[in-house]
Amino acid sequence: MNKLSDELLNRYIDGDLDSAAQKEVADILTDSFEDRSRYQLLLTVHEQLKKTQEEFISDTFTDRVMKKVFARKKAQKEQRNFILAVSSIFVFFFLIIIGVVVFTAFNSHVESHYTQNYTHDFISLLKNVGSKILLIFSPKGISIFGSILSLGILITGYFFFENLKSSRLKDNGVH
Amino acid sequence: MKNLTDLEIIASVKRGNQTDYAIIIDRYKNKAFSLVKRILKNEMDAEEVLQDAFLRAFNGLNSFKQESKFSTWFYRIVYNTAISRVNSKKRKIENETASIDDFFNLESHLDIRTTENINFSSFITNMLEKIPSNYSALLNLFYINGMSCEEISEIMNISVSNVKVMLHRSRNALRDYILKNDLLKELI
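Protein sequences, first through last, are from chains A and B.
Those letters in the first sequence? Residues 1 to 175, per our numbering, in order.
Those letters in the second sequence? Residues 1 to 188, per our numbering, in order.
These are computed hints drawn from the structure, not numbers from a lab.
None of the hints are false.
Listed next, the in silico DSS-like pairs over lysine-lysine satisfying Cα-Cα at most 30 angstroms (straight line): (1) B:Lys14 x A:Lys74; (2) B:Lys180 x A:Lys51; (3) B:Lys89 x A:Lys165; (4) B:Lys41 x A:Lys68; (5) B:Lys164 x A:Lys23; (6) A:Lys51 x B:Lys69; (7) A:Lys3 x B:Lys180; (8) B:Lys14 x A:Lys73.
If you anchor each label on the Cβ, the simulated ranges turn out as follows: (9) B:Ser159 x A:Asn163: 40 to 48 angstroms; (10) A:Ala26 x B:Arg27: 38 to 46 angstroms; (11) A:Lys3 x B:Val165: 16 to 24 angstroms; (12) B:Gln18 x A:Thr60: 15 to 23 angstroms; (13) A:Val102 x B:Gly60: 43 to 51 angstroms; (14) A:Thr60 x B:Ser159: 35 to 43 angstroms; (15) A:Lys3 x B:Lys185: 21 to 29 angstroms; (16) B:Thr5 x A:Lys67: 19 to 27 angstroms; (17) A:Asp14 x B:Arg27: 24 to 32 angstroms.
Yeah, the Cβ is synthetic: ideal placement off N, Cα and C, and Gly gets one too.
All chains should be modelled from the sequences, with the hints used to inform the complete structure.
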C-alpha cells in the first residue's frame with residue numbers, strides 16, 4: 001500500500017518540504033518498496049525532462065527580424081514626417097488667414113478711427129479684428145472655410161492611409 | 001558586447017543602437033522557439049509568431065519598467081502572442097482546458113510504439129509535442145528555460161500553486177502512462 005501521496009513525492013523531488021517532512025519521506029522510501037519504485041520512476045521522468053534540449057530555429061531568423069525592425073522604424077519615421085509636414089501646412093494657412101484678418105482690420109482702423117488715445121485705439125483695433133474674425137464664422141464665411149478645411153482633411157487622410165497601407169505591405173514583404 | 005546583461009543591451013537599444021537588439025534575439029530565439037512550437041504544435045506558425053513577438057517586444061521596450069526580469073517580461077509577450085494565435089485560429093479549446101489526465105487516457109493519439117528505437121529522451125520530446133499546450137508550455141518554461149514557479153506564474157498569469165499543481169500532474173501523468181503501457185523496459 002502507498003504511504004506517500006504523489007503530491008508529497010513531487011514536493012520531495014522539488015525540495016519543497018521542510019527538513020522534518022523530508023526526513024520522514026526519506027524514511028518511508030527506505031522502508032516501502034512500492035513507494036520507492038513510484039518515486040524512482042517519477043524522479044526518472046523529472047531527470048529526463050531536465051535533459052530535454054531546446055529546439056533550434058533557422059540561422060537567418062535574426063536577420064529577418066532585424067530587417068522587419070528597421071522597416072517598421074523607417075515607416076514610423078515616414079509617418080511622423082508626413083504628419084509634421086501636413087500640420088505645418090495647416091498652421092501656415094491658419095497664420096496666413098490670421099495675418100490677412102489683422103492686416104485688413106488694422107488698415108481700416110487707421111483710416112477711420114485713429115485718435116492718438118492709445119488705449120482707446122488699441123481697444124477699437126481689437127474690436128475691429130474681432131469683427132473681421134467673426135466674418136469668417138458668418139453663415140457664408142463658415143461654409144467656405146469649412147469646405148476648404150474638409151477638403152484639406154480629406155486629401156491629407158487619403159495620403160496618410162495610402163502611406164500606412166504601403167508601409168504595411170513593405171513590412172509583410174520582408175518575410 | 002555579447003557578455004553584456006540584458007538590461008545593458010536594452011539601454012543601448014533605447015539610446016538608438018537598434019542593431020544591438022540582434023544580440024537579444026540571438027540570446028532568446030531558440031528557447032522562445034521551443035516554447036512557441038510546443039504551444040502551437042507547428043514549426044511554420046511558430047517562426048511567424050516568434051517574429052511577431054520579437055517585434056512586439058522591440059516596440060514595447062519603453063514600457064519595460066524593470067519590475068521583473070527582462071526574460072520574464074519577454075516570455076510573457078511570447079506566451080501571450082502564441083496563445084492569441086491559438087485562439088485566433090480557433091483551435092480546439094478543449095485541448096487547452098482539458099486535464100492532462102484526460103489527455104493521457106485518450107491513448108489513440110499517443111501510439112509511442114510506432115517509433116522505432118524509442119528511448120526515454122525521444123519519448124519525452126514526443127510527449128511534449130502532443131500534450132495540451134498549457135502543460136507543454138509550463139514544462140518547457142520550467143525545464144528548458146529554467147524558470148522558477150513564480151516566474152512561470154507571472155508569464156502564464158496563473159497562481160504559483162496552480163503552476164505547481166500543473167507541474168506535478170504533468171510528471172504524474174507521464175509516469176502513469178509509462179507504467180500503464182509497460183514502457184519502462186523499452187525506454188530505459
